[in-house]
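From first to last, the protein sequence lines are chains H and F.
Just so you know, we're using UniProt numbering here: the first sequence kicks off at 1 and counts up by one.
Just so you know, we're using UniProt numbering here: the second sequence kicks off at 1 and counts up by one.
The set of hints was computed from the structure by calculation and includes no laboratory data.
Some hints could be false.
[To be verified] Reference listing, derived: stretches of chain F covered by chain H, where coverage requires no fewer than 3 residues with Cβ under 8 Å from a Cβ of chain H: (1) 28-37; (2) 47-54.
[Said to hold, decoys possible] Calculated lysine-lysine pairs in the BS3-like style (CA-CA distance at most 25 Å, straight line): (3) H:K54 with F:K68; (4) F:K68 with H:K68; (5) H:K68 with F:K54.
No experiment lies behind these values; they were computed from the predicted model shown.
For each residue, glycine too, the CB sits at the ideal point set by N, CA and C.
2 protein chains.
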Amino acid sequence: MDISEDTFIVNLGIHVRQIREKKGLSQQDLADDCGITQNQVGRIERAEINTTVKTLVRIANALDVEPKELLDFPLK
Amino acid sequence: MDISEDTFIVNLGIHVRQIREKKGLSQQDLADDCGITQNQVGRIERAEINTTVKTLVRIANALDVEPKELLDFPLK
Chain H
1 MDISEDTFIV NLGIHVRQIR EKKGLSQQDL ADDCGITQNQ VGRIERAEIN TTVKTLVRIA
61 NALDVEPKEL LDFPLK
Chain F
1 MDISEDTFIV NLGIHVRQIR EKKGLSQQDL ADDCGITQNQ VGRIERAEIN TTVKTLVRIA
61 NALDVEPKEL LDFPLK
C-alpha cells in the first residue's frame, strides 16, 4: 500500500522530536549543531516543511544516529 | 563519526539505481510511477540534486519498498 507523503513527514517530525528530546537537546541545540535555524527545526518537527536529504544527514549527525534511523518509525 | 552529506547523496543515488534495476524498471518507468521527470530520476541517481523527503516517499512507493530502505546502505 502506498504511503502518504504528508502522513510520512508528520511522522518524521514526531520521530525527530522524540529522538531530540531523548538526547536532552533543545530545538536551539539541534539547530546550532546542524547549522540551521531553530525556526527550521521547529518547522521540520511540525511537518511544515518538506526537508531535503542533506538536511536529514545533518540532523542525523547532530543526533548521533544514522540517517536511516530518522525514517525508522511505524507507518500508520 | 559524522557522515558527509555529499557522500551520502552519492550513495543514495547508487542505491536507488540498484533497487530500480533489480525491479526491472527503466528511469522512465520510475519517473512515470512517481510523477516526476525521467531527467529528475537521472539527476537523483547521479547525485546532482538534493532531493526531498516527499520525493523519497514517492520513489519508495514506486519501487515498493519502505522509505527507510532507500537510506539503508553501507556508509563509506
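Three-residue Cβ test at 8 Å for the coverage of the stretch 47-54 of chain F by chain H: holds (count 5)
Hinted pair K68 of chain H and K54 of chain F, Cα distance within 25 Å: holds, 15 Å
Coverage criterion applied to the stretch 28-37 of chain F (partner chain H; beta-carbon cut 8 Å; 3 residues): This one is violated; 0 residues, fewer than the three required, reach chain H with a Cβ under 8 Å.
Restraint status (C-alpha distance of K54 of chain H to K68 of chain F at most 25 Å): OK: K54 of chain H and K68 of chain F at ~15 Å, within 25 Å.
Restraint status (C-alpha distance of K68 of chain F to K68 of chain H at most 25 Å): Judged against 25 Å, a Cα distance of about 5 Å means the pair holds.
In the structure shown, a violation is registered for the earlier hint numbered 1 alone.
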